[in-house]
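Engineer: Here are the chains, one letter per residue:
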Amino acid sequence: MAAADYEAWYQPPKGDNDIAKLTDVVLRVAEAKRPPIGWYIAFTIAVGMLGILGISIAWLFWTGIGVWGNMHPVVCAWDLTNIVFWVGIGHAGTLISAILFLLRQPWRTAINRAAEAMTIFAVMCALIFPGIHIGRPWLPYWMLPIPNQMNMWPQFRSPLDWDVFAVGTYFTVSLLFWYVGLIPDLASLRDRATTTIRRFVYGMFSMGWRGSSRQWHRYERAYLILAALSTPLVLSVHSVVSFDFATSQLPGWHTTIFPPYFVAGAIFSGFAMVVTLLVPARQFFGLKDVIQMQHLEAMNKVILATGTMVGYAYGMEFFIAWYSGSSYEGFAFINRAFGPYAWAYWTMVSCNVIFPQLFWFKAIRTSLVAMMIIDILVNVGMWFERFVIIVTSLHRDFVPSSWGYYIPTKWDFLTLTGSFGLFFTLFLLFCRYLPTVAVAEVKAQHAHSHGGH
Amino acid sequence: MSQAPKKARHTGPAPLHGLLAEYDSPDALIRGAEKVRNAGFRDWDTFTPFPVHGIDGAMGIRPTILPWIILCGGLGGCTLALGFQWWANGVDYPFLISGKPFWSVPANIPITFELTVLFSALTAVFGMFALNKLPQPAHPLDLKERFARSTDDRFFVLVQASDPVFDERDTRTLLETSGATAVEDVPEDVKSESEMPRGILYVLLILAAASTIPFALAAYARESKTTTTRFDIVPDMDFQQKFKGQRMNTFFADKRADRLQIEGTVAVGELHDDDHLYAGKLNGVFARTFPPSIHIDQATMDRGRERFGIYCTPCHGQVGEGDGMVHQRALSLAEGTWVPPSNITDERLRVMPVGEIFNTITHGVRNMPAYGHQIPAEDRWAIILYVRALQKSRAAELKDLSEQERESLIRGG
Amino acid sequence: MAHGKEVHLDDNIQIGDEASDLGKKALGIGVVALVLGVVVGGGPLGRQFTASYLVAFLYVLALGLGLLWFVTIQHLTNAKWSVVVRRVAEILAANMPVLALLALPVIIPIVIGQSEIYEWSDPSKVAQSPALEHKAGYLNVTFFLIRVVVYFGFWGLLSRYFLKQSIDQDTSGKPEVNKSLQAVSAPSMILFGLTLTFCAFDLIMSVDPDFFSTIFGVYYFGGAVASGYSLLALSLMWLQGKGRLTHSVNREHYHDLGKMMFAFGVVFWSYIAFSQFMLIWYGDVPEETHWFHDRFNGDWKIVSGALLLCHFVIPFFGLLSRHVKRNRKTLAFWAFWLLVIEYVDLYWLVMPSLSKDEIPLHIADLLCWVGVVGVFVGAAAMRAKGKNLVPTKDPRLADSLAFLNP
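Chains as they are written, first to last, in my numbering: chain A, 1185 to 1637; chain B, 347 to 759; chain C, 442 to 847.
Bound-form chain A, shown alone (with noise of 0.2 angstroms):
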């Protein structure tokens, strides 16, 4: 291999970009009177799955829980599955931003504001579940330490009170992390303005920045320990999510490697949903050389590793379900591959485990058609792992009388896709008006490597 490739593979080329284009080529999205003709399509769908998120919602307020499916022994089935699916897909966005920025990855920049975009409405997402699946959903200020009528106080030993804190802190700090890091660009928006419409909404929400270097010094810090705070955070919310299952004594829930294994697990299936939405996104706005082949393959790698993990902690559940001589974990395993649910097993295994070893090629890798149906892959397979692990421990555990079977109900499928509307109506919605991609930081990154010292 000559020295030349060898650059090119350990230095791959950033692209052609100069300051001015840059900023030019990122914000003309924000700023077009008009989005591509693409754009409205996608978000007449997306409304209209909102819709039906709409009418499930109020149907299930208005009817009950018995919607659903969930019945004995299945007392809860889709709603916490969804809850920890879209958790999970939240946390790419905040490793993304903050663990990568701690490693000091430079590919980072252009796709961390998508991501932190899709942490902040994935989260919401999740949020509903719990608001909705307790069947007097006017009460949920009862997770909270809210002086009541009662003078009780939340149950703060029940990992489901963790959940409201862990789920919340994150929502909050994504939240602030997220805008923290657009009020340059806001203050970018603000200065191009057109429009005194414009002019006031971005000049009101980038607070009047104006990029002072003593502004700079105290923001970078606070940046910076907001992405050293972010990570232990990002790690203890799909722990605490974990707690859940692992604090009770059920065979397949009562596992003490849950916490890393949901973490590795959210950031596989977070990192998987960033690439289906950014390939599109960078067709469809013209962020081909922005976002680039090279940052989306190593996104692939850190979906095969995450992967990985994730079938290391599969191995090490059925191994030590034998060790432990536990009748009950032994055949809780069993039941899961060969029981009644076995189709739904061997799903999460061909999507979570099989499919993303083809990342091992870097043809694939490179691929955009094969990433789109590998990453799209994983999602389904880490939908059902939750689907797994919930339902197989619940509908067959020790007292073999009180088993049953599951079948969800068209409510279940509407309440789910209802909440991918939710998702992507938000989502299309920031990429018409705001960034998607961080100028600022790029921009610093552009510098730094480029011109720098």
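Accuracy of the hints is not assured; some may be wrong.
Stated by the list, open to error - Cross-link-like lysine to aspartate or glutamate pairs, in silico, EDC-like; alpha carbons within 20 angstroms at most:
#1 A:Lys1546 - C:Glu617
#2 B:Lys446 - C:Glu729
#3 A:Lys1205 - B:Asp499
#4 C:Lys770 - C:Glu693
#5 C:Lys700 - A:Glu1404
It should be emphasised that the hints constitute simulated quantities derived from the structure, not laboratory data.
Given chain A, work out where chains B and C should sit, using these hints.
Structural biologist: Okay, now just chains B and C, sitting in the frame of chain A:
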């Protein structure tokens, strides 16, 4: 950097706020900044579209105390979380759950961690805003057209006239020779309001006051009593369209909601007119044969064994001798009122008609509950088939064995 | 990325007699200590010796594995900052074959059925215990032996391969070496995870054969990585004290090593330890809780409290500040701290299952530890003699030398 001073209505040319120099690259800016710093200026700043590496050193910016403030915020959150959980679940309303101690530190760690992070993050963001004096709605630089590129691709230095070292001519020369592409005057902003418009202020105050109303209402509701009934958000949950036991129903003469079953009515799917299969009776007496729809084969036997294992062994034991786990437990409790489960391999049950056994399983007897609702009729017959096999196994004679079995018994294998 | 001014390696990057002197001394002390340990521990099959030696061996194994992981991950991620410190890590990690030898006093008693520690290796004990009988498909001497050969074979080959390829690049200057090492490190990482996990199960978890925890391998991994980074930092400081690498390794590199010590030794370890503990505490299943009972009863309470305080609370605040990580003296202090607390952690993992209520401190513990560490350090020092301490022709070396933390 100091704020623009409060304006007074001015006539005549606006006083000078400072001098603005423009640079076209980060390196040029750094060189310019070093020059300004070395000249001894203090009231000055640089403006860049992104944080420029090395500008902190060039300008002599000291590290901010923000990290320490954040640390305090985080520790505050930690203490608050731990303390509140201790007080709420351990002191104010002690809450016993799963036998865990009132103050369960391991269980309190997740929330403590989250609140530490939350408070740290809030302190980071709002502390940064406060130290940066944001939001900053007005600044004299907003009036300079070229300054709009400060968020795009140009770099600026502003030296304020309020600085003691400032001299209009010398400072201008200094900047012009520092590598700037342009140097301009920046007049004070005497036209814009430096205070927030009264209207917005009033709206904000009203909103702030209004936001306390829900809390006030909640506090009032906590302390007050009322004679009106609760507000039902989803009325059909609180008032369900059905009659519960022991309630009134004026439709009937005796006004009771509890009714006896009307003679001859049968629930859908419950007609069960095959007495042999569903009641174990043939011509009114307990049947001695299995119903014809029950196939006497290995499959039924296996099913019977499986179902026996699920439903019968807790009391009757694995071979039906009446020594199941429930019996063992009752013995260990030694309460004296316990009637042991029957030994189903006993003589009495061996001669009992299968129909009578069926009846016992369906309706229960003495301490044994009725299993008719839990076990479908076909399964009950399968269990009885297995019971017969168990009984046979305890009362078998040599002549019952096959040739091979006899051989192996004699051989002792 | 360095542009403009070229950064050159203008350091003394070879260590000669000083290394072999240290090596000989360390090996000498190590061997003597081991012999003394055998004597006071009741012979090579004695219970005290086998227990003390096990903890000591797990300690140096953790060092070796942590450093091997470091080398692998740097290749896998094509890291630039670490190039200048990687050779020293490679030299230390190449101790894996030495560790295979050091493993013998742990393995031989099992194989000959005379282990005082591992109940599952004794057929008579297995026959009495339904739990052991169930696990006999995995916990039996033959399968164990095969596994051990696989573990040490893989680790030995991998560590030597990395060192050799890297040293060869010093003369050949071929940049494609990096690419092939990256390609090797990917599947190696998977095998590494599996071998480390099952080794932890075999050597540590099976001491209490009733206990099981899916996260156990990850727990050992966290401690190993932290120890590896700490030892690397201290080794670099020793070399710089001897006038080597004085310009190449600067406070930026120490800062990064410090960050990793903080991330793995404090944050990650605490996270895993807490997960394991809290989940078992919460579920309250007796099959699992007895393991923690052993560690909270009697005198062991103190050690558990010490671990919480000294593995998490104190080093958390200690290593938080960037100034601490950028200053050689303070970083050295915390490196020593983490190395000491790793020993306490491993002691706590093994001993309470063997000695309930009482902490069986014995001079054999110290002798065994000195012994294995002496051999480990000695072997590494001997190996370092005459080798370049920096991969001179690695294409990313310039970046590593010019590396700056934000």
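Engineer: Each of the hints needs a verdict: does it hold here or not?
Structural biologist: Now for the hints, and whether the structure bears them out:
1. A:Lys1546 - C:Glu617: 17 angstroms, holds
2. B:Lys446 - C:Glu729: Status holds; Cα separation ~17 angstroms.
3. A:Lys1205 - B:Asp499: 9 angstroms, holds
4. C:Lys770 - C:Glu693: Since the Cα atoms of Lys770 of chain C and Glu693 of chain C sit roughly 14 angstroms apart, the hinted pair holds (cutoff 20 angstroms).
5. C:Lys700 - A:Glu1404: Since the Cα atoms of Lys700 of chain C and Glu1404 of chain A sit roughly 19 angstroms apart, the hinted pair holds (cutoff 20 angstroms).
Checked against the numbered hints given earlier, the structure satisfies every one of them.
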